[in-house]
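J.: Sequence:
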Amino acid sequence: MFTRTGVAVAVSAVVLVTAGAVANYPELVMVGLAGAIALLVAATWMLWRPQITAVREIRPQRVTEGSPARAVLTLTNTGPRRSPPLVVTETIADRSTSVPLRSLAAGTSYETTYPLPTTRRGRYLISGLTIGHSDPLRLLHIGRRTGSESVLYVHPQVHDVAPVPIGGPRDAEGSTSARSPLGGMAFHSLRDYSPGDDWRLIDWKSTARTGTLVVRHNVVPDEPRHLIVLDTRAHDGFEDAVRVAASLCVAASRSGFPIDLRVTRTATESAHTELQALDVLASVECSAGDRGLSTLPEIIHDALAANEGCALAVITGRATLDDLDLLSAVRPHFLTVSLIQIGQSPTPAPPGVIAVDATSSERFAAAWNQLVPQ
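When we follow UniProt numbering, the leftmost residue of the sequence shown carries the number 1, and every step to the right adds one.
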């Protein structure tokens with residue numbers, strides 16, 4: 001492929017040879033032929049293809065917005081001869097980044113690092129690498145694609161906040177299920193003794209009745225689930241609303257509560273772990289045509305199991321009267337309902353709903369922690 005310099009030389013050579021021939025001016029023809037010879041030499045040079053392997057690693061693959069992330073690039077010359085100077089190019093967030101590299105001796109490797117953009121949350125797809133080299137006069141350039149695409153997750157900023165309230169103290173001997181983690185005080189079932197079980201858990205009555213050692217299977221009781229709903233209708237405070245949702249998900253997860261994150265744009269898709277939730281919130285987008293909280297009945301029908309304790313938190317911009325009517329209607333199905341409005345002129349919340357109004361995620365965190373004890 002011609003570089004800009006190569007194009008200029010090629011055009012000049014054609015013009016000079018043509019003009020010299022027409023004007024019977026041999027000096028112009030000689031200058032034009034010199035340009036053509038330079039291009040021919042460059043093309044011959046480019047027949048030599050360096051044998052380079054490239055490995056790129058993103059460190060770390062997931063960061064919080066504003067935190068540093070870098071790409072570590074390792075190139076190895078697997079050919080029998082020294083390579084020419086190289087230029088490695090990749091595309092991230094519609095922006096191309098070129099990294100010039102020195103010549104490599106046969107069998108040697110070179111490692112370099114460069115920063116990646118992390119100022120704004122997002123899921124960034126980083127293209128495969130293009131390794132290119134030019135002739136000494138920079139008239140021609142050849143590049144080849146190598147490697148696979150990489151993904152960088154830039155998570156939203158998280159504030160230290162209390163988890164969504166559940167309407168009372170945590171129950172050390174509450175309801176259990178087969179999914180409950182081991183090691184708690186709540187009795188779930190009886191099972192056969194296994195080597196290493198605590199002898200203090202042996203149920204002697206059942207052992208005498210069955211003739212085999214039987215132990216009490218104690219587990220950590222099921223905690224109330226936190227259903228966190230982010231309204232993805234477009235509004236000025238949407239980025240702060242995303243940070244609020246991330247903060248509540250992290251607070252619930254690190255306090256031992258199961259989480260279920262929903263966004264109104266894709267109401268029936270959910271995230272159940274802290275990492276899944278942060279990945280979803282890294283790439284979530286708002287839309288003026290979003291149905292907003294009108295999807296709340298659909299979300300609740302999909303997410304809420306019978307007789308399951310659940311606390312609901314809704315994060316939105318400015319709630320409409322229809323939104324408030326929906327919250328009032330679903331209030332009896334939850335242990336608590338919280339409404340967080342991010343923006344100006346919030347709508348008063350209906351009775352029985354925990355309400356926090358703020359203009360930023362930082363102000364939300366301060367107001368929330370005053371209202372809800374950690």
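Don't read these hints as lab results, they were simulated from the structure.
All values derive from a computational prediction rather than experimental measurement.
Worth double-checking, as some hints may not be accurate.
[Unchecked claim] Using C-beta positions, here's what the derived DEER-type ranges look like: (1) E57 x V14: 45 to 51 angstroms; (2) A106 x V14: 17 to 23 angstroms; (3) P115 x P85: 18 to 24 angstroms; (4) P80 x P115: 54 to 60 angstroms; (5) T359 x P115: 28 to 34 angstroms; (6) Q61 x T207: 18 to 24 angstroms; (7) S96 x W45: 24 to 30 angstroms; (8) L125 x S287: 52 to 58 angstroms; (9) T359 x R70: 53 to 59 angstroms; (10) S98 x L40: 26 to 32 angstroms; (11) A106 x L40: 50 to 56 angstroms; (12) T273 x G211: 40 to 46 angstroms.
Ideal Cβ placement from N, Cα and C applies to all residues, glycine included.
J.: Output the indices of the hints that this structure fails to meet, ascending.
T.: Going through the list in order, the structure violates hints 2, 4, 6, 8, 9, 11 and respects the others.
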